[in-house]
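There are 2 protein chains.
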Amino acid sequence: MYSKNYLGRHVIAVDAMGGDCGPESVVCGLSGFASPSLHFIVFGDAEKIHRYASGLPSGLSYEIRHTDIAVTGNMDVMSSIREGKRSSMGLAIQSVMEKEAMAVVSSGNTGLYMALAKIILKTIEGIDRPAIASVIPGKAGRAIFLDLGANAECDLKNLVDFAIMGEVLARSVFNKNSAGVALLNIGAEDTKGSRLIKKTAEILKETIDNYVGFVEGNDLCSGNVDVVVTDGFTGNVALKTMEGTAKYLVGEVKEAIRNDLLSTIGSLLMKSTITSLKNKMDPRLYNGAILVGLNGVVVKSHGNSDAIGFANAVSFTINILKNNIFDKIKKLLDRSSRYDLNKNIAGG
Amino acid sequence: MYSKNYLGRHVIAVDAMGGDCGPESVVCGLSGFASPSLHFIVFGDAEKIHRYASGLPSGLSYEIRHTDIAVTGNMDVMSSIREGKRSSMGLAIQSVMEKEAMAVVSSGNTGLYMALAKIILKTIEGIDRPAIASVIPGKAGRAIFLDLGANAECDLKNLVDFAIMGEVLARSVFNKNSAGVALLNIGAEDTKGSRLIKKTAEILKETIDNYVGFVEGNDLCSGNVDVVVTDGFTGNVALKTMEGTAKYLVGEVKEAIRNDLLSTIGSLLMKSTITSLKNKMDPRLYNGAILVGLNGVVVKSHGNSDAIGFANAVSFTINILKNNIFDKIKKLLDRSSRYDLNKNIAGG
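So the protein lines, in turn, are chains E and U. Residue numbers for the first sequence, in our numbering: 1 to 348. Residue numbers for the second sequence, in our numbering: 1 to 348.
Among the clues, some could well be false.
If several chains are the same, the list does not tell them apart, and a pair holds so long as it fits within one copy or across any two.
Unchecked claim - Listed below are the simulated PhoX-like cross-link pairs for lysine-lysine, each with C-alpha atoms no more than 25 angstroms apart in a straight line:
(1) 157 / 118
(2) 139 / 247
(3) 157 / 85
(4) 157 / 198
(5) 118 / 198
(6) 247 / 271
Bear in mind the hints are in silico, worked out from the structure with no lab data behind them. Given the structure is predicted, the values throughout are model-derived calculations rather than measurements.
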């Protein structure tokens, strides 16, 4: 039961101290969320938070919970877990565990965030390892892509779990009855890929209704499938490669325009198009990844999020809460044939 | 000793039957290489090759070696090796082994090409597994990226070998005294990544003069390092993700221009800039990957190369021959401390 004080509201716990840009981007990022249906619990250094909070609109419903302890981006995960529990990040997660908040958002260190969330919230029954999932843009539509870096090493069960969670997430986020699930590989043929990938494909054929087979790196932006499953190493590299390639190309375009007068004039005429494209490709607008597989809604904002980026992570979180996505995932996971899956893997 | 008939020429064996576009793209791709310093031995179905060869310039020096057998893109590697040896691909590789040709170019199935090249040419002493390496574009300059898919699963020695070969290749291709070598990872900190990546980093610190540490997916197009090392699974996904992202963005730009009159006019003024950018990003211009670690120059052209793409793979091959890159690699590999490396790994 969520606290009566917030009855009917979506209550979101926010870690103000995570992220490279400090509490400014977090606090200012909340300014657009003045709504009677929302309440924020902001964890962190109260003095610093107050410094930026003076500019917030009067309709914004929030409270500040002070803590001196913050976890920094480069802390070693294992040694900082103890400290982390009492940090702004740890306390924010705690408030979800205590059912005070319905979701938590942080821009802090991903490894530590995942570790603390696992310790405090625990994983959903049957899931060994949570994954990081995000929405990626594509020509024919958006797709859920996971794991984006929570698990540098994955086994068969992890990958199958990711496929199940991704499928449920895609159905909920994209509001579809059926979501096409693909496995990222280095070729479309059955003979391609590592032994783990081939074995995973065998199991997915049996366990996922709408398993569509292998996709390759160049299919990621096609949007032809709803879910792309991979291990956290490959997923992280692929996602960052997408970001890097887009940044490189935009830089090349700018450079080319600067060096040519006609192009400079042309680019002025194209201003609205360029702006809309820039917006479309702005990684801040895709900010917000969900740590799926945990007993709670845990949203990760990019480490270097500015206020706009953080605001988008909050919007992403509100969308998850409004669509009741977490309960849907839990329900569908309960229904999915976990025992058959375990039998299949054991027999594999 | 290379055959006296071709004295002073660069002799290149060409598999006319590999690739999705058939002999047309291969044969037409040769049309720009009429030069007294070049000779091509074209392997494949003589009748089909003759059909397209009629349009070739008179100054082009080439001969056709007929074979009925061709390997197709989807053949299973293991079962088709026997057949493959007598195919246009196998015979073209054979001509390098017999020192008739100095290099071989094929657009055929990568797995089979690698398998046949390993069987026929053998690997350079000390190298267990050859890798596929290619040049990728970047903001600050180009970089050698390997492995791009030859080895879906890699161990410590494979990755260290790739780093050594990549370093030598980069020094030769970019004509530098020292090449900065980086390892692709999911974070820049020492604590990030799989156990294999962490262990590889430890060894590279000791064995590579200019080892610069971890890079992430978004650094691939920065061009800040000369060599990026990864396993064949991650490398293949990253390379194809670069291609797919570029294609997606270009498509979005086209779409946006079509829907806005001012932008359409603007884009006409920008035509020269757009053309030069399109050229810069054209994957056909980066066509040509080298299978490093073999006793011979083995160049892979993209499976769906058209004539322009194939011509670029041939240019890439000629560049390797002109710069005597293969001999440089062998020499530098001999010099590099293979024994110390083996000791390090065994002790690790």
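Taking the hints in turn, this is what the structure says about them:
1. Taking the shortest Cα distances, residue 157 and residue 118 sit within 25 angstroms of each other inside one copy (18 angstroms), while across copies they are farther apart (35 angstroms).
2. For the homomeric pair residue 139 and residue 247, the shortest alpha-carbon distances inside one copy (18 angstroms) and between copies (10 angstroms) are both at most 25 angstroms.
3. With identical chains, the CA atoms of residue 157 and residue 85 are never at most 25 angstroms apart, being 29 angstroms at best within one copy and 40 angstroms at best between copies.
4. Proximity of residue 157 to residue 198 under the C-alpha cut-off of 25 angstroms is found in both arrangements, the shortest distances being 13 angstroms within a copy and 24 angstroms between copies.
5. In this homomeric assembly, residue 118 and residue 198 come within 25 angstroms of each other (Cα to Cα) only across copies, at 24 angstroms, whereas the closest approach inside a single copy is 29 angstroms.
6. Proximity of residue 247 and residue 271 under a CA criterion of 25 angstroms is satisfied in both settings, with 18 angstroms inside one chain copy and 22 angstroms between copies.
Of the hints listed earlier, the one the structure fails to meet is number 3.
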